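**Q** Chain by chain, the residues run as shown.
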Amino acid sequence: MKINLKVWRQKNGNAAGKLVDYKLDNISPDMSFLEMFDVLNDELMHKGEEPVAFDHDCREGICGMCSMYINGRAHGPQTGATTCQLHMRSFADGDTIIVEPWRARAFPVIKDLMVDRSAFDRVVQSGGYVSVNTGSARDANETLIPRTIADEAMDAAQCIGCGACVAACKNASAMLFVAAKVSHLAVLPQGQAEASIRAERMVAQMDAEGFGACSFTGACSVECPKSISLDHIARLNREYLGAKITSEAV
Amino acid sequence: MNLESKIPEGPLAEKWARHKFGLKLVNPANKRKYEVIVVGTGLAGASAAASLAELGYTVKAFCFQDSPRRAHSIAAQGGINAAKNYQNDGDSVFRLFYDTIKGGDYRAREGNVYRLAEVSVNIIDQCVAQGVPFAREYGGLLANRSFGGAQVSRTFYARGQTGQQLLLGAYSALSRQIANGKVKMFPRTEMLDLVVEGGKARGIITRNLVTGKIESHSAHAVLLCTGGYGNVFYLSTNAMGSNVTAAWRAHKKGALMANPCFTQIHPTCIPVKGKYQSKLTLMSESLRNDGRVWAPKTKEDAEKIRKGELKPTDLKEEDRDYFLERRYPAFGNLVPRDVASRNAKYVCDEGRGVAATGLAVYLDFADAIKRDGRTTIEAKYGNLFEMYEKIVDDNPYETPMMIYPAVHYTMGGLWVDYNLMTTIPGLYALGEANFSDHGANRLGASALMQGLADGYFVVPYTLGDYLATIGHADKLPVEAPAFKAAEAEVKHMVDRLLSAKGERTPEEIHRELGHIMWDYCGMSRSAEGLKKAKGMIQDLKKEFWTNMRVVGDAEEMNQALEQAGRVADFIELGELMVDDALAREESCGGHFREEYQTEDGEALRDDANFAYVAAWEYKGDNQPEVLHKEELVFENVKLTQRSYK
Ligand SMILES: Cc1cc2nc3c(=O)[nH]c(=O)nc-3n(C[C@H](O)[C@H](O)[C@H](O)COP(=O)(O)OP(=O)(O)OC[C@H]3O[C@@H](n4cnc5c(N)ncnc54)[C@H](O)[C@@H]3O)c2cc1C
Ligand code: SF4
Ligand code: FES
Chain R
1 MKINLKVWRQ KNGNAAGKLV DYKLDNISPD MSFLEMFDVL NDELMHKGEE PVAFDHDCRE
61 GICGMCSMYI NGRAHGPQTG ATTCQLHMRS FADGDTIIVE PWRARAFPVI KDLMVDRSAF
121 DRVVQSGGYV SVNTGSARDA NETLIPRTIA DEAMDAAQCI GCGACVAACK NASAMLFVAA
181 KVSHLAVLPQ GQAEASIRAE RMVAQMDAEG FGACSFTGAC SVECPKSISL DHIARLNREY
241 LGAKITSEAV
Chain X
1 MNLESKIPEG PLAEKWARHK FGLKLVNPAN KRKYEVIVVG TGLAGASAAA SLAELGYTVK
61 AFCFQDSPRR AHSIAAQGGI NAAKNYQNDG DSVFRLFYDT IKGGDYRARE GNVYRLAEVS
121 VNIIDQCVAQ GVPFAREYGG LLANRSFGGA QVSRTFYARG QTGQQLLLGA YSALSRQIAN
181 GKVKMFPRTE MLDLVVEGGK ARGIITRNLV TGKIESHSAH AVLLCTGGYG NVFYLSTNAM
241 GSNVTAAWRA HKKGALMANP CFTQIHPTCI PVKGKYQSKL TLMSESLRND GRVWAPKTKE
301 DAEKIRKGEL KPTDLKEEDR DYFLERRYPA FGNLVPRDVA SRNAKYVCDE GRGVAATGLA
361 VYLDFADAIK RDGRTTIEAK YGNLFEMYEK IVDDNPYETP MMIYPAVHYT MGGLWVDYNL
421 MTTIPGLYAL GEANFSDHGA NRLGASALMQ GLADGYFVVP YTLGDYLATI GHADKLPVEA
481 PAFKAAEAEV KHMVDRLLSA KGERTPEEIH RELGHIMWDY CGMSRSAEGL KKAKGMIQDL
541 KKEFWTNMRV VGDAEEMNQA LEQAGRVADF IELGELMVDD ALAREESCGG HFREEYQTED
601 GEALRDDANF AYVAAWEYKG DNQPEVLHKE ELVFENVKLT QRSYK
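Residue numbers (the UniProt record's numbering), protein chains in the order written: chain R, 1 to 250; chain X, 1 to 645.
These are computed hints drawn from the structure, not numbers from a lab.
What you are looking at is a predicted structure, and each value in this text was computed from that prediction instead of being measured.
Don't be surprised by glycine CBs; every beta carbon is placed ideally from N, CA and C.
One thing to keep in mind: the hints can contain errors.
[Stated by the list, open to error] Okay, derived cross-link-like pairs now, DSBU-like style, lysine-lysine, Cα gap no bigger than 35 Å in a straight line: (1) R/LYS6 with X/LYS275; (2) R/LYS2 with X/LYS304; (3) X/LYS304 with R/LYS47; (4) X/LYS24 with X/LYS252.
[Stated by the list, open to error] Okay, the calculated bits of chain R under chain X, using three or more residues with CB under 8 Å as the criterion: (5) 103 to 110; (6) 166 to 172; (7) 185 to 198; (8) 205 to 212.
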């Protein structure tokens, strides 16, 4: 296949960026999208030009590292998949593909297609855990957790922290990401004791990081590679409102 | 050099308890005065960093990804073993110990493996308390499955994402300690050297991957939790960034490297498609519980399939060879990984492989779907089937999956004693980075167990003993000459990589190294091939340093530079792997030497001469490494030839 690429190039966080055109001739439909970028980078390096910087690691849709905004969609045209799971067979011969980084105030660009998502880590640090020290756990089967509850927790816990939800949202809100974590722990008995305070702290940190407000358009859930459901946002809102009513902290 | 394993005296079942009691403790008020560096935040590193911080130590943790949550552990699919015996099917700590030591083909220490089985039960309790959503039965009890040929159901799992959920549990514990100020986290930071002074590990030199800044970090102890080196083969199921750099640079500073040739080739991966292939994807071992492995009986049929003239579903039952079931009637499709992989290779070597490349066999679910219904199969493997379809563009509910072996795990690693300390005092190695518990072959669902055992339940005890012995004043400031010298060395290496103005990219050289390793030090090895490989690797090393080119600057994000540094270390490691494979004149576990096999082609161990750990000592650039042997002592198990017939 022949592919025309327009790729966002930006030397570093302080430099201005722009879209640069590249043409690739020998692309196999069986290549993954990132392997297509490997080919581009190989060509660039042989010409003595700097390769395009982009985040990636597992290349199988689980680490959450890859993060490309492709033709106006986070992770590209395929739903329920990450950038690394996208294959060139999703495109036609001669297509023009525009590739940009995640765009959000809370995710500053580091270089080219690579952004800084450490805001997500700080949101988790603010309360995304159960406070239990190593060695203080009781037998795992002492608390019965019906399969339906465990499944519901797992549905939420699948979030890979990629940030596509933020990139897809016109307000760059992180609600789906935060809701997934709050929900995962709130439905489980182990997480209940801290459910309200967790919601409250995580939402406060999300706001402090500069993520936008949620206007419930649902774009996030559509682009989420793990298809995290909007129901979790509803649960987060419940936990959060509950927290506001009973909170001693606010 | 005297390799003291420090396995405690006494009966097997009492060793760990006695040892813990004998270890020195650090006074709680003093713990914060001790600084500990943890490199790596996978299961081993995140669990260790969190647990040590909870105890009160001051911790610095490092990873090269943008977040600790993204370590390669996240990719583990199948599950984690624990001797809970919740299923009442005869499991016990001793049975898990026995299976693991036998599975490792009797090349691991009894004491270590027993301890691993012993603490396995605590791991599950800990993870559940953190909120890890393991699979459950309708009544609310934890579900288990049998995995990788185990005769009991002792594997705990979270859909096909067990590693992810365990890591997110450890990451949440780590995050809590970061918030408490007990752990300072350095993401996008790569360790490039270890600082040793006065015979002790004193700290590390790092490069900030965003700014390129080279920095020194000092501590009382350094824990390497940096994962395995499978990417020495270029193509593997490991994440793209997985590398040996931290361990290798520590090796060059005096830490012995043990059994480097023990690598695991996993039988069920998606086959290679083209030259551009950048990594291989694992299809979980659990698939072999229901899938049947086969290849066409005749070369002619295989040829037609390769050309697309025949579909696998066209082939009648009698024209298929279910080769694992045929050769191993007792275990069938559930033989251990090394055996399954080797047999797939034989079949393809005979010209009976499928896919365009001829390097694939089938894993067929048709019978399972007929027996249990599509819904049941979908519930068990739905996400794996989806993943397969996304990559291969084939529907495994309708046509058999194609699989081929791929490099997956490395049993070898830094030599450690029972306390997980390397041969450098104050330097520890945890998780896949050490060599300790899996002998010559790792059983499924036991790496996650080992990583978490090391981090949650072993090192928090054993580290205190060392720290209490040295005292908190015994720390080197970063201004010390040893740090400055190491910084200068690292800067020199970076400059050297950037100044080469040759033709080839680090990626190309890495790929070439991978081919050499796969062809001569992969699924089967011979003295002749290994000798040839050694020469080829030495030539490649010259090529690397004379004809390579890295574009870009040192003072900013430069992924090609990162890769070049890692490839340089992989080349040196590759040569040592070949030496190790050559020196081990027997077949055991994942190490199959063609010269040493039984009449029917099974691995032939030589317990009289090779029941030892091979630990290699670095002697300088381009100097042969020196082999030290730690004899393995077996008092509780009888060494038998593994048989799965
Ligand atoms: C696809 C796949 C599936 C698997 N499935 C299973 C399974 O079902 N069950 C099972 O038991 N095992 C499984 N395994 C094996 C298991 O996942 C690994 O052995 C284990 O997770 C390794 O954990 P670790 O903590 O030792 O290292 P890793 O998780 O690899 O972590 C390494 C860490 O070190 C850091 N690091 C490395 N080098 C440096 C450096 N120089 N500087 C700074 N940081 C560095 C990385 O950033 C990372 O944080 C699987 C492996 C693969 C590849
Ligand atoms: S909610 Fe979905 S899109 Fe958002 S970070 Fe998680 S996995 Fe990515
Ligand atoms: S590279 Fe890991 S999810 Fe894409």
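**Q** For each hint, tell me whether it holds in the structure or not.
**A** Cross-check of the supplied hints:
1. Of the pairs offered as hints, the one joining R/LYS6 and X/LYS275 holds, with about 25 Å between alpha carbons and a cut-off of 35 Å not exceeded.
2. For the proposed pair R/LYS2 and X/LYS304, the alpha carbon gap of about 31 Å is at most 35 Å, so the pair holds.
3. Of the supplied pair hints, the one linking X/LYS304 and R/LYS47 is violated, its CA atoms being roughly 42 Å apart against a limit of 35 Å.
4. Pair hint X/LYS24 plus X/LYS252 holds up; C-alpha atoms about 30 Å apart against a cutoff of 35 Å.
5. Judged by the Cβ-Cβ criterion of 8 Å, the segment 103 to 110 of chain R is not covered by chain X as claimed, because only 1 of its residues qualify and three are needed.
6. Residue count for the segment 166 to 172 of chain R with a Cβ under 8 Å from a Cβ of chain X: 0. That is fewer than the three needed, and the coverage hint is violated.
7. With 4 residues having a Cβ less than 8 Å from any Cβ of chain X, the segment 185 to 198 of chain R passes the three-residue criterion, so the hint holds.
8. For a cut-off of 8 Å, the count of residues in the segment 205 to 212 of chain R with a CB near a CB of chain X stands at 0, and the three-residue condition is violated.
Checked against the numbered hints above, the structure breaks hints 3, 5, 6, 8 and satisfies the rest.
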